[in-house]
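The listed protein sequences derive, respectively, from chains G and S.
As numbered in this note's numbering, residues 63 to 340 make up the first sequence, in order.
As numbered in this note's numbering, residues 60 to 849 make up the second sequence, in order.
There's no promise every hint is true.
[Unchecked claim] To give an idea of the chain S side of the interface with chain G (calculated C-beta under 8 Å), a few residues: (1) E712; (2) D771; (3) T776.
[Unchecked claim] Covered stretches of chain G, going by a simulated chain S footprint (3 or more residues, C-beta under 8 Å): (4) 244-252; (5) 316-323.
[Unchecked claim] Between beta-carbon pairs, the in silico distance windows are: (6) G:A204 - S:E125: 41 to 51 Å; (7) S:D212 - G:E224: 49 to 59 Å; (8) G:D277 - S:V209: 53 to 63 Å.
In short, the hints are calculated from the structure, not lab data.
As the structure is a computational prediction, the values presented were derived from the model and not from experiment.
Idealized CB from N, CA, C, for every residue including glycine.
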Amino acid sequence: MKAADFDYYRVDSLEDALDRLTELGEDAKVLAGGQSLVPMMNFRLARPAALVDIMRVEELRGIERDGDVLRIRAATTHGEVEHAAELEGGYEVLRAAAAWVGHEPIRSRGTFGGSLAHADPTAEWCLIAVALGAVIEIAGPAGEREVPAEEFLLGYFTTALEPDEIVTAVRFPARCRRAAMQEFARRHGDFALVAVAVALPDDGEPRVVLGGVGDVPVRARDAEQVLADSPDSFEEAARAAAAEIDPGADLHASPDYRRRLATTLVHRALEEAVADGR
Amino acid sequence: MDAEAAAALGGRWVGRPVARVEDRRHLTGDATFVDDIRTAGVLHVAFSRSPHGAARIEGIDTADAEQAPGVHAVLTAADLGDLEPLVPRLNRPEFVAVEFPMLAAERVRHAGEPVALVVADSPHAAEDAVELIVVDYEADEAVGSIEAAVEHDAPRVHEQLESNVLLDVPFADDPEMDDVLAAAELVVDAEFSSGRLTAVPLEGRACLAEWERGGQRVVLHTSTQIPHLVRTTVAGVLGLDEHRVRVVAPDVGGGFGQKCVVAREEVLVCVAARVVGAPVKWVEDRVESLLAGFQGHEQRFDVRAGFDADGTMLAVDADIVADVGAYSTHPFTCGVEPLMAATEMLGPYRVKHYRCRTRAVATNKAPMAPYRGVARPQMVLAMERLLQKAAIALDLEVDEIRLRNLIPPGAFPHISATGLSIDEGSYHESVELCASTLDLPAFRERQRAAREEGRLLGIGVSVFAERTGYGTEAFAQRKMAITPGYDTALVRMDPSGSVLLSVGTSGHGQGHQTTLAQVAADRLGLTPDRVEVRQGDTDATPYGWGTFASRSMVVGGGATRRASDLLADRLKTLAAHMLEADPEDLELYDGEAVVRGAPGKSVAFEQIARLAYLETHRLPEDVEPGLECTASFDPPGTFSNACHGAIVELDPETMDVHIERYLVVEDCGVMVNPAIVEGQVRGGVAQGIAAALYEELAYGEDGQLQNASLMDYLVPTAWEIPPIEILHLETPSEFSETGAKGMGEGGTMGAPACIATAVSDALAHLGAEVDRIPITPDRLHEALREREQA
Numbered sequence: 063m064k065a066a067d068f069d070y071y072r073v074d075s076l077e078d079a080l081d082r083l084t085e086l087g088e089d090a091k092v093l094a095g096g097q098s099l100v101p102m103m104n105f106r107l108a109r110p111a112a113l114v115d116i117m118r119v120e121e122l123r124g125i126e127r128d129g130d131v132l133r134i135r136a137a138t139t140h141g142e143v144e145h146a147a148e149l150e151g152g153y154e155v156l157r158a159a160a161a162w163v164g165h166e167p168i169r170s171r172g173t174f175g176g177s178l179a180h181a182d183p184t185a186e187w188c189l190i191a192v193a194l195g196a197v198i199e200i201a202g203p204a205g206e207r208e209v210p211a212e213e214f215l216l217g218y219f220t221t222a223l224e225p226d227e228i229v230t231a232v233r234f235p236a237r238c239r240r241a242a243m244q245e246f247a248r249r250h251g252d253f254a255l256v257a258v259a260v261a262l263p264d265d266g267e268p269r270v271v272l273g274g275v276g277d278v279p280v281r282a283r284d285a286e287q288v289l290a291d292s293p294d295s296f297e298e299a300a301r302a303a304a305a306e307i308d309p310g311a312d313l314h315a316s317p318d319y320r321r322r323l324a325t326t327l328v329h330r331a332l333e334e335a336v337a338d339g340r
Numbered sequence: 060m061d062a063e064a065a066a067a068l069g070g071r072w073v074g075r076p077v078a079r080v081e082d083r084r085h086l087t088g089d090a091t092f093v094d095d096i097r098t099a100g101v102l103h104v105a106f107s108r109s110p111h112g113a114a115r116i117e118g119i120d121t122a123d124a125e126q127a128p129g130v131h132a133v134l135t136a137a138d139l140g141d142l143e144p145l146v147p148r149l150n151r152p153e154f155v156a157v158e159f160p161m162l163a164a165e166r167v168r169h170a171g172e173p174v175a176l177v178v179a180d181s182p183h184a185a186e187d188a189v190e191l192i193v194v195d196y197e198a199d200e201a202v203g204s205i206e207a208a209v210e211h212d213a214p215r216v217h218e219q220l221e222s223n224v225l226l227d228v229p230f231a232d233d234p235e236m237d238d239v240l241a242a243a244e245l246v247v248d249a250e251f252s253s254g255r256l257t258a259v260p261l262e263g264r265a266c267l268a269e270w271e272r273g274g275q276r277v278v279l280h281t282s283t284q285i286p287h288l289v290r291t292t293v294a295g296v297l298g299l300d301e302h303r304v305r306v307v308a309p310d311v312g313g314g315f316g317q318k319c320v321v322a323r324e325e326v327l328v329c330v331a332a333r334v335v336g337a338p339v340k341w342v343e344d345r346v347e348s349l350l351a352g353f354q355g356h357e358q359r360f361d362v363r364a365g366f367d368a369d370g371t372m373l374a375v376d377a378d379i380v381a382d383v384g385a386y387s388t389h390p391f392t393c394g395v396e397p398l399m400a401a402t403e404m405l406g407p408y409r410v411k412h413y414r415c416r417t418r419a420v421a422t423n424k425a426p427m428a429p430y431r432g433v434a435r436p437q438m439v440l441a442m443e444r445l446l447q448k449a450a451i452a453l454d455l456e457v458d459e460i461r462l463r464n465l466i467p468p469g470a471f472p473h474i475s476a477t478g479l480s481i482d483e484g485s486y487h488e489s490v491e492l493c494a495s496t497l498d499l500p501a502f503r504e505r506q507r508a509a510r511e512e513g514r515l516l517g518i519g520v521s522v523f524a525e526r527t528g529y530g531t532e533a534f535a536q537r538k539m540a541i542t543p544g545y546d547t548a549l550v551r552m553d554p555s556g557s558v559l560l561s562v563g564t565s566g567h568g569q570g571h572q573t574t575l576a577q578v579a580a581d582r583l584g585l586t587p588d589r590v591e592v593r594q595g596d597t598d599a600t601p602y603g604w605g606t607f608a609s610r611s612m613v614v615g616g617g618a619t620r621r622a623s624d625l626l627a628d629r630l631k632t633l634a635a636h637m638l639e640a641d642p643e644d645l646e647l648y649d650g651e652a653v654v655r656g657a658p659g660k661s662v663a664f665e666q667i668a669r670l671a672y673l674e675t676h677r678l679p680e681d682v683e684p685g686l687e688c689t690a691s692f693d694p695p696g697t698f699s700n701a702c703h704g705a706i707v708e709l710d711p712e713t714m715d716v717h718i719e720r721y722l723v724v725e726d727c728g729v730m731v732n733p734a735i736v737e738g739q740v741r742g743g744v745a746q747g748i749a750a751a752l753y754e755e756l757a758y759g760e761d762g763q764l765q766n767a768s769l770m771d772y773l774v775p776t777a778w779e780i781p782p783i784e785i786l787h788l789e790t791p792s793e794f795s796e797t798g799a800k801g802m803g804e805g806g807t808m809g810a811p812a813c814i815a816t817a818v819s820d821a822l823a824h825l826g827a828e829v830d831r832i833p834i835t836p837d838r839l840h841e842a843l844r845e846r847e848q849a
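Just chain G, same shape as in the assembly (with noise of 0.2 Å):
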């Protein structure tokens, strides 16, 4: 469990960052945090031949909070958006989905833009950034372009953004009140069997995404015409998400016990959304 070699670039700006990368290929990575990517490199199935580490760019660390959008440059650690206090009023979803990653020295270390270039489908963020339609925002040799979190994630750890480009930030466009966020693990703190991200804004569409059921946070369509149509229906958007996702098999789980949780996790997470308090 060591590393194969590889040259390692800290870099101070955004500019030093997209240099490098341009200048090392596609061979290289943006280290951000490194909770996914160290581990996968000292089980040798991930082979970078270069880091570029984005840590000390301040540029890409902090939060924004402006009226109704949130802005979470990429190198901010979960634990910095867990205690942010831009949440208040309308993102307190991620306070809690913020709770769930992984544990304290996890959440001390890993980032915010790095769970999103990661692209696990059963990460939190990924889950809540679908929800909530972030835009992803990425900056590379040819300037910057934004990208619907939906259209960002493409499958298991894969994205659209090029191997050249970094990401910036992820931009909330619209405050949700009425948001929340279950999932269910074996143990504290490990990636979710099921997870689920339910927003219902006051003047927008109903989202249920769901992950730990296909190769990406998946949207469940049928649940949300549900919702739009009978917005108190939580049982029968729970029963409908169920329904509609196809889960795979794995050692911990079933596809149909994957259905029985998604039915439970959608059904409790829409109570929560609109529970007293929020």
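We have chain G; now place chain S onto it with these hints.
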């Protein structure tokens, strides 16, 4: 100083929760594990391990690896010359011995089996070079389960054998069995099974070998529980006199049995160091530990049990199979689990009729070592679930049916159907205390109300006898070619009056440097901080069997007490000479020998020691210099006992099991150090809960381990383990010198059955139950779905 008062105190130190002397170094990061040993010029080993469960090796090309940067040597079986394989043996006709090769030559028999090794400048360089070794494997059909192994036309794990059965013992027969079962009011027929586990010590295996004196003598630092046996084995395999091998177990980060057998890596690192002429280190990583470290606990019990109408268990007829993996390990062999299961199956229950067949079955998995509990977690699961099934059928409460069958007070020693002599314990009292503490009637009331709300509450109980301090006689009955049992302690007072206690046991987290010093301190009349305990170094300790099977406090503690008593006598003899008193009138207290009833008439140990070492011309004529005594102890064995109780609540939607309350009522005789006893109970219960709800090595039928990382092999964390309440009973042992009984494994023995009976109780009104561990939400979902469909 009042000698009378001192004598009245009796055990001044035994029985007190003395703070562990080990704690400081462990808590401050100051301990020395193998990987912490700094050796100039050390090189590092990495192993090329089989990716297949079963394959023939058609060729190995090491040319590129040899040329890789930083590589000093690449070794395969062909380079090992006439290095003999280990052939672990039981001297019984039903046992089939197989060779345990150091490096696989023609065949690999489990994923992770070592095929070649690289010695290089760094662990990184060694791992890089391992990737360049090209092994031409021709994959064979693997044997991935007990069921596959015993099929008529199953592929053979060992091609030269007629079957995969390495041990098949008709352990006990009872000609009346069929009649008794036919006449029984109730016959419960069930299959119980348990998943394959690995111990996951925080420190994996690790060794550092260095040849000294121009290659004449090897010093092997290794993370082991059995340093002397490693020495004997390494010397034997290398063809050396044992004085040319020194084995040192420094601080060892847990073993749980995984390190009480000899690993081939321990031998290979010595060989590699000789080849390259430099010190060589290997520190197992977690993937290796999961894949190639010794495993255990995968068993299946097919059992029929007959009961009469009042719940008396009349007969048990058991067919036991253990999946022992690809090889027998040295010295316990693959017989350790199946023979333990067959001998001790009935536990503390008085069952007249017993029949048992027990088998060890080879599969293409990593070999088995005696993991904490050894077969007892499984047989306790079987017995407790049988009782639960009968109790439900006969409408008896959990305590009633157990009290009806347990050895009652006054019936000790109890001779079991397999001839075991169970010494006095508090079986009834522990159940009564557990039931009253958990308030059974109140719980049933609460359970009824909860069920009406659709909630699933359950209560579980498990009772067991924990045989500990196995002596030579007990191991000889297993017919082991190498027969452990006794142990030895050497107590030496130095000229300053402080004591060095040197023992053959080899603690690795149990706190023996504290507890053995407490035992010696009491016998010698000094404070434990004046007793230094030395263990784990074959150059500095008497030959001994190390630490496993909950033996050290009984056997090592007994030897310590005996040796300390000899030294105490010697101190009294010299003091009597110095004080012109009768040795019979002397007491040892607070570092002095004092004449009983004559306050002020005393001599300090320093003065006695000065005489014994530095002024020997003043010794009596027939007294030799020095203050050094050695004694051995070899007990018949003694049984601890406990009753575990748990209340669980299942989430009816996710099927998650929440442990609301966990209670242990334990009796390990005299507690030398209650804080350490409670630590052992808590750690054991945590490992038992792991076996009950979380951990299982998942092998496919192809012999591939599908969860070789801690992401998927679910070791529970502090979040998953509930607070554990502990109540103590104390029935001193007649058979240990100290009154103590061993107690290192009880937690793991009781917890799986306790949880399984609790979960089954929670589901009883739905007609579902659990007979396989681990109990996972996925499996509970499946069980309920089958029930709904039925």
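So the hint says 41 to 51 Å: do the beta-carbon atoms of A204 (chain G) and E125 (chain S) match that?
holds, 47 Å
Would you check whether D771 (chain S) satisfies its interface hint, that is, whether its CB is within less than 8 Å of any CB in chain G?
holds, 6 Å
Do three or more residues from the segment 244-252 of chain G put their C-beta atoms closer than 8 Å to C-beta atoms of chain S?
holds (count 6)
Do D212 (chain S) and E224 (chain G) keep their Cβ atoms within the hinted range of 49 to 59 Å?
holds, 55 Å
Taking 53 to 63 Å as the hint, is the beta-carbon distance of D277 (chain G) and V209 (chain S) inside that range?
40 Å Cβ-Cβ, so the 53 to 63 Å window is violated.
Closest C-beta approach of E712 (chain S) to chain G relative to 8 Å, hint status
holds, 4 Å
With a C-beta cutoff of 8 Å, work out whether three or more residues of the segment 316-323 of chain G approach chain S closely enough for the coverage to hold.
Since 5 is at least three, the answer is holds.
A closest beta-carbon separation below 8 Å is what the hint needs, so does T776 (chain S) meet it against chain G?
This hint holds: T776 (chain S) lies near chain G, its Cβ roughly 6 Å from the closest one there, short of 8 Å.
Consistency with the previously given hints fails for number 8 only.
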